[in-house]
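Undergrad: Protein chains in written order, with UniProt numbering: chain A, 1 to 522; chain B, 1 to 522.
Please note that a few of the clues may not be correct.
Stated by the list, open to error - Label pairs and their in silico Cβ distance ranges:
| # | chain 1 | residue 1 | chain 2 | residue 2 | range |
| --- | --- | --- | --- | --- | --- |
| 1 | B | Ile431 | A | Gly154 | 31 to 39 Å |
| 2 | B | Gly271 | A | Asp23 | 14 to 22 Å |
| 3 | A | Pro302 | B | Glu134 | 47 to 55 Å |
Claimed, not checked - Below, computed lysine to any residue pairings styled on SDA-like, alpha-carbon distance capped at 25 Å:
| # | chain 1 | residue 1 | chain 2 | residue 2 |
| --- | --- | --- | --- | --- |
| 4 | B | Lys198 | A | Gln66 |
| 5 | B | Lys62 | B | Ile133 |
| 6 | B | Lys334 | B | Gly446 |
| 7 | A | Lys63 | B | Lys25 |
| 8 | A | Lys82 | B | Pro153 |
| 9 | B | Lys131 | A | Arg138 |
| 10 | A | Lys62 | B | Asp324 |
| 11 | B | Lys25 | A | Ser156 |
| 12 | B | Lys198 | A | Arg61 |
| 13 | A | Lys25 | B | Glu158 |
| 14 | B | Lys82 | A | Gly154 |
| 15 | B | Lys62 | A | Leu200 |
| 16 | A | Lys76 | B | Leu155 |
| 17 | B | Lys243 | B | Ala191 |
| 18 | B | Lys83 | A | Pro153 |
| 19 | A | Lys25 | B | Lys25 |
| 20 | B | Lys202 | A | Asn400 |
| 21 | A | Lys62 | B | Ser507 |
| 22 | A | Lys63 | B | Asn192 |
| 23 | B | Lys25 | A | Ala191 |
| 24 | B | Lys346 | B | Asp324 |
| 25 | A | Lys131 | B | Ile522 |
| 26 | B | Lys82 | A | Pro153 |
| 27 | A | Lys25 | B | Pro276 |
| 28 | A | Lys198 | B | Asn89 |
| 29 | A | Lys62 | B | Arg141 |
Hint data in this document are derived by calculation from the structure and do not stem from the laboratory. For every residue, glycine included, the Cβ atom is placed at its ideal position computed from N, Cα and C.
There are 2 protein chains.
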Amino acid sequence: MVVLGTGWAGTSFLRNVDTSQYDVKVVSPRNYFLFTPLLPSVTCGTVEPRSIAEPIRNIMRKKGEQIQFWEAECHKIDPVNKKILCRSNICTNSEGKGEFAVDYDYLVVALGAKPNTFNTPGVVENCHFLKEIEDTQRIRRSVMNCFERACLPGLSDEEKRNNLHFVIVGGGPTGVEFAAELHDFVSEDLANLYPTVKDLVKISVIEAGVHILTMFDKRITEFAEQKFQRDGIDVKTNFRVIKVNDKTITMSSGLTGEISVPYGMVVWSTGIGTRPVILDFMKQVGQADRRVLATDEWLRVPNCDGVYALGDCATISQRKVMEDIAAIFRVADKDNSGTLTVKGIKDVLEDICERYPQVELYMKSQQLENFADLFKDASDDALKESKKLDIEVFKKALANVDSQVKMLPATAQVAAQQGNYLAKCFNKMKICEEHPEGPLRIRGSGRHRFHPFGYRHLGQFAPLGGEQTAAQLPGDWVSIGHSSQWLWYSVYASKQVSWRTRFLVVSDWIRRFIYGRDSSCI
Amino acid sequence: MVVLGTGWAGTSFLRNVDTSQYDVKVVSPRNYFLFTPLLPSVTCGTVEPRSIAEPIRNIMRKKGEQIQFWEAECHKIDPVNKKILCRSNICTNSEGKGEFAVDYDYLVVALGAKPNTFNTPGVVENCHFLKEIEDTQRIRRSVMNCFERACLPGLSDEEKRNNLHFVIVGGGPTGVEFAAELHDFVSEDLANLYPTVKDLVKISVIEAGVHILTMFDKRITEFAEQKFQRDGIDVKTNFRVIKVNDKTITMSSGLTGEISVPYGMVVWSTGIGTRPVILDFMKQVGQADRRVLATDEWLRVPNCDGVYALGDCATISQRKVMEDIAAIFRVADKDNSGTLTVKGIKDVLEDICERYPQVELYMKSQQLENFADLFKDASDDALKESKKLDIEVFKKALANVDSQVKMLPATAQVAAQQGNYLAKCFNKMKICEEHPEGPLRIRGSGRHRFHPFGYRHLGQFAPLGGEQTAAQLPGDWVSIGHSSQWLWYSVYASKQVSWRTRFLVVSDWIRRFIYGRDSSCI
Numbered sequence: 001m002v003v004l005g006t007g008w009a010g011t012s013f014l015r016n017v018d019t020s021q022y023d024v025k026v027v028s029p030r031n032y033f034l035f036t037p038l039l040p041s042v043t044c045g046t047v048e049p050r051s052i053a054e055p056i057r058n059i060m061r062k063k064g065e066q067i068q069f070w071e072a073e074c075h076k077i078d079p080v081n082k083k084i085l086c087r088s089n090i091c092t093n094s095e096g097k098g099e100f101a102v103d104y105d106y107l108v109v110a111l112g113a114k115p116n117t118f119n120t121p122g123v124v125e126n127c128h129f130l131k132e133i134e135d136t137q138r139i140r141r142s143v144m145n146c147f148e149r150a151c152l153p154g155l156s157d158e159e160k161r162n163n164l165h166f167v168i169v170g171g172g173p174t175g176v177e178f179a180a181e182l183h184d185f186v187s188e189d190l191a192n193l194y195p196t197v198k199d200l201v202k203i204s205v206i207e208a209g210v211h212i213l214t215m216f217d218k219r220i221t222e223f224a225e226q227k228f229q230r231d232g233i234d235v236k237t238n239f240r241v242i243k244v245n246d247k248t249i250t251m252s253s254g255l256t257g258e259i260s261v262p263y264g265m266v267v268w269s270t271g272i273g274t275r276p277v278i279l280d281f282m283k284q285v286g287q288a289d290r291r292v293l294a295t296d297e298w299l300r301v302p303n304c305d306g307v308y309a310l311g312d313c314a315t316i317s318q319r320k321v322m323e324d325i326a327a328i329f330r331v332a333d334k335d336n337s338g339t340l341t342v343k344g345i346k347d348v349l350e351d352i353c354e355r356y357p358q359v360e361l362y363m364k365s366q367q368l369e370n371f372a373d374l375f376k377d378a379s380d381d382a383l384k385e386s387k388k389l390d391i392e393v394f395k396k397a398l399a400n401v402d403s404q405v406k407m408l409p410a411t412a413q414v415a416a417q418q419g420n421y422l423a424k425c426f427n428k429m430k431i432c433e434e435h436p437e438g439p440l441r442i443r444g445s446g447r448h449r450f451h452p453f454g455y456r457h458l459g460q461f462a463p464l465g466g467e468q469t470a471a472q473l474p475g476d477w478v479s480i481g482h483s484s485q486w487l488w489y490s491v492y493a494s495k496q497v498s499w500r501t502r503f504l505v506v507s508d509w510i511r512r513f514i515y516g517r518d519s520s521c522i
Numbered sequence: 001m002v003v004l005g006t007g008w009a010g011t012s013f014l015r016n017v018d019t020s021q022y023d024v025k026v027v028s029p030r031n032y033f034l035f036t037p038l039l040p041s042v043t044c045g046t047v048e049p050r051s052i053a054e055p056i057r058n059i060m061r062k063k064g065e066q067i068q069f070w071e072a073e074c075h076k077i078d079p080v081n082k083k084i085l086c087r088s089n090i091c092t093n094s095e096g097k098g099e100f101a102v103d104y105d106y107l108v109v110a111l112g113a114k115p116n117t118f119n120t121p122g123v124v125e126n127c128h129f130l131k132e133i134e135d136t137q138r139i140r141r142s143v144m145n146c147f148e149r150a151c152l153p154g155l156s157d158e159e160k161r162n163n164l165h166f167v168i169v170g171g172g173p174t175g176v177e178f179a180a181e182l183h184d185f186v187s188e189d190l191a192n193l194y195p196t197v198k199d200l201v202k203i204s205v206i207e208a209g210v211h212i213l214t215m216f217d218k219r220i221t222e223f224a225e226q227k228f229q230r231d232g233i234d235v236k237t238n239f240r241v242i243k244v245n246d247k248t249i250t251m252s253s254g255l256t257g258e259i260s261v262p263y264g265m266v267v268w269s270t271g272i273g274t275r276p277v278i279l280d281f282m283k284q285v286g287q288a289d290r291r292v293l294a295t296d297e298w299l300r301v302p303n304c305d306g307v308y309a310l311g312d313c314a315t316i317s318q319r320k321v322m323e324d325i326a327a328i329f330r331v332a333d334k335d336n337s338g339t340l341t342v343k344g345i346k347d348v349l350e351d352i353c354e355r356y357p358q359v360e361l362y363m364k365s366q367q368l369e370n371f372a373d374l375f376k377d378a379s380d381d382a383l384k385e386s387k388k389l390d391i392e393v394f395k396k397a398l399a400n401v402d403s404q405v406k407m408l409p410a411t412a413q414v415a416a417q418q419g420n421y422l423a424k425c426f427n428k429m430k431i432c433e434e435h436p437e438g439p440l441r442i443r444g445s446g447r448h449r450f451h452p453f454g455y456r457h458l459g460q461f462a463p464l465g466g467e468q469t470a471a472q473l474p475g476d477w478v479s480i481g482h483s484s485q486w487l488w489y490s491v492y493a494s495k496q497v498s499w500r501t502r503f504l505v506v507s508d509w510i511r512r513f514i515y516g517r518d519s520s521c522i
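So that you can see chain A by itself, here it is in the shape it has in the complex:
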């Protein structure tokens, strides 16, 4: 079994898979797991880089098993020969040994994503991303360099102002959190150390949409926008970035047309794109026309024996009810009468809801209590008369169900749950071969071996700076302010992957409380 990647999905899988059943080999260019939700904190020194990194060998050693880890990048997946090709970028010292191939029976692809530049010219050359630990170190150095540069003799106020213009492209949670962190860093720490230039600092957030933090509740979006306004962070919504050169960033909106603004530093955080190795793999498995690798609900790559994909590098393509409507009808119509009874549906409803989670979501969205109500609502008379219904009525009743299919967000939470899920499937592979636990096969016979992956949303945070955080918890419960900040601290401390990083993160927070953030250009 070969695992590609040591991010949330890969690490969560590794921590849970039973390594005594499988010969596990891990290939990743990163020999550590990174607690990515704290990356924005690292950019300004609230938390130190190493405090959120845990060596993958440590994690595996705790399991008592020796797995093989190879620090290399997989650059080609060959599903036909069940083989991957890897390249080590540290191997400069021995001839031609940087390249090697690994055979697999099972391949777990958890390679993550790359930043999405939308092919905007100049972004790769001039902008910072916020995905890897090296990015945060570069950003931190860059912020300090902007300040030191603005303090050099002989600069006009105009030039100082340009050097101290920090631009964040993308109003998602990462971009907003970074903007908030940077504002705190400037106002709490740097203002005292650079009193001559502190008033020249400007932070701008550029967002193509109408609002920032659109994935959150409206109340949070509003609060965030108001808080940023009070803090003097310039939120430019409806602006699309056209190009970036080494001194200015050019953007346009319907109102202003094209404008160019000089900047000191740009951080690009507009979502994720697919890695080249995944794109190449997609071509081989007949997904060339898609933008993201699709898997089924069991995280399997279709038409590709033994290959699983999870985390940011793939999305689950939920089977549509309407595609299977005839089969579903057949399964529910046990006596082959051509009509369904309410009882007949009730017998298979659980299986249907598990196989097609959109059915349950649809029922919830329509505030229906049970499946029978669905029919009532759709064809009141037909059901009342006979308590039976034929396939045409059935189709009509479920016509809008598939609108409820939800794409899972590209978050750590999803990736971690997927890794955990897949590991558990592998662990009970043998048992489930004999005693399948999954729902009824709609288009086949018998049951699926495993339950399909189900995501449980535990809530999401949006730190907004000044010890204030917005939290959106399950059940649309929204909390904003200092109390959520403390919730944030405790959740993030408890979610740490080891006691070591927990100790480090907490002592970093304490250090920051007492002494502030470090401003050394390291």
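Put chain B on the given structure of chain A with help from the hints.
TA: Then chain B, alone, in the frame of chain A:
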């Protein structure tokens, strides 16, 4: 007043100088002070880089004064026009503003030194140095890369062994401490994480002299060599490195001739050399034939009004007694009789000893109690007869005095004391103008304004790994073992420049005790 450099000398000067009397400007490419004695600890993650760095602006803010700091490198000192030329290497963003000139009345040169490669080919390209924080980060990454590389598939044992051969060139305190740290890192932390390759690790220390740690007491040298032998660290004395290429290091000794050894990483730590900007300055002030910039005993650069040099970039050139012997005689012979009395000498002895510290050292080394004994010893009869002596006898008596002139070592301790001394001189400049406090001018009249710089040695540590440290304290008191390690911890914690770094360093030590060192390739 312009201060160049933010190392031990520059920072110690800045912390002590009275900034209300002078308009102080600081130019340094590093906007932080680095606690360099802990650099070897940083290479292996015992202490984190930022824990030993304190922003220079923090240090100055604590004084309640706003000084101007410019992050730039001085590349030319022009003593004729009293001007320095600086270049900022962060200024890529505004046209031609990277270069600027600064006028000075007083110039404090504390630029430090660069690593000395003795022009050995390939050193700059292939070796790591151990002077800056970036060096330690590179070394740490390099150590981890060597291990990861050795774990890649398809490597022969021979190749693994080569990748895990760590070479340290130079058996001074830094090199030895690094070797000890690395050995601890490997045996305490990495052996558990890389069990398949742990036995292939080899650490070699290459020293051109007969022993390592030659500046220490023999007992320490012996203990260190024995401990390294027990630990399996290969100490190659009497070996001179001839060249280094990207895979092998070539060295020679009288016994073996030239041998080439493959390596995974080389750390070069063979002492210090003079920076180009200082060499250029030396040409301008008539010191072109010297290897190191010389100052007088008051840290002034001769023939160069208002320029002071201290720390590793300069050495104090102690005035020889024999050069001034006639003048000294004249000063002591108050009645111009052509002969000296014991009483006459006693009157000026204190001044002479202050001006020429070698006199006191010579007396100590000869176990003489007072100056009169010197004459007794040298010309027993002459003194006994007359209790008087003429210049010839005087010369003869002092003939060997100058052999006691000691060069100060290039240590943090010396630099810090020099910075402190010079700051105090500047602070009392006005008072001492009227009431000079220094010794009698031997070749002039009146007194020197200030006491010459006197170095007070407080002892030196040599950490040898495994929680054992050798300490050489004043009075030739030598202590080796675990107790010295605790002394080392407490001294280094107390010497921290701020409570913040003290907190960080101590929490790093605690973290290391509990959780070991981090092995992430960051």
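Undergrad: List in ascending order the numbers of the hints, as given earlier, that are violated by the structure.
TA: Hints 2, 7, 10, 17, 19, 20, 27 not satisfied by this model.
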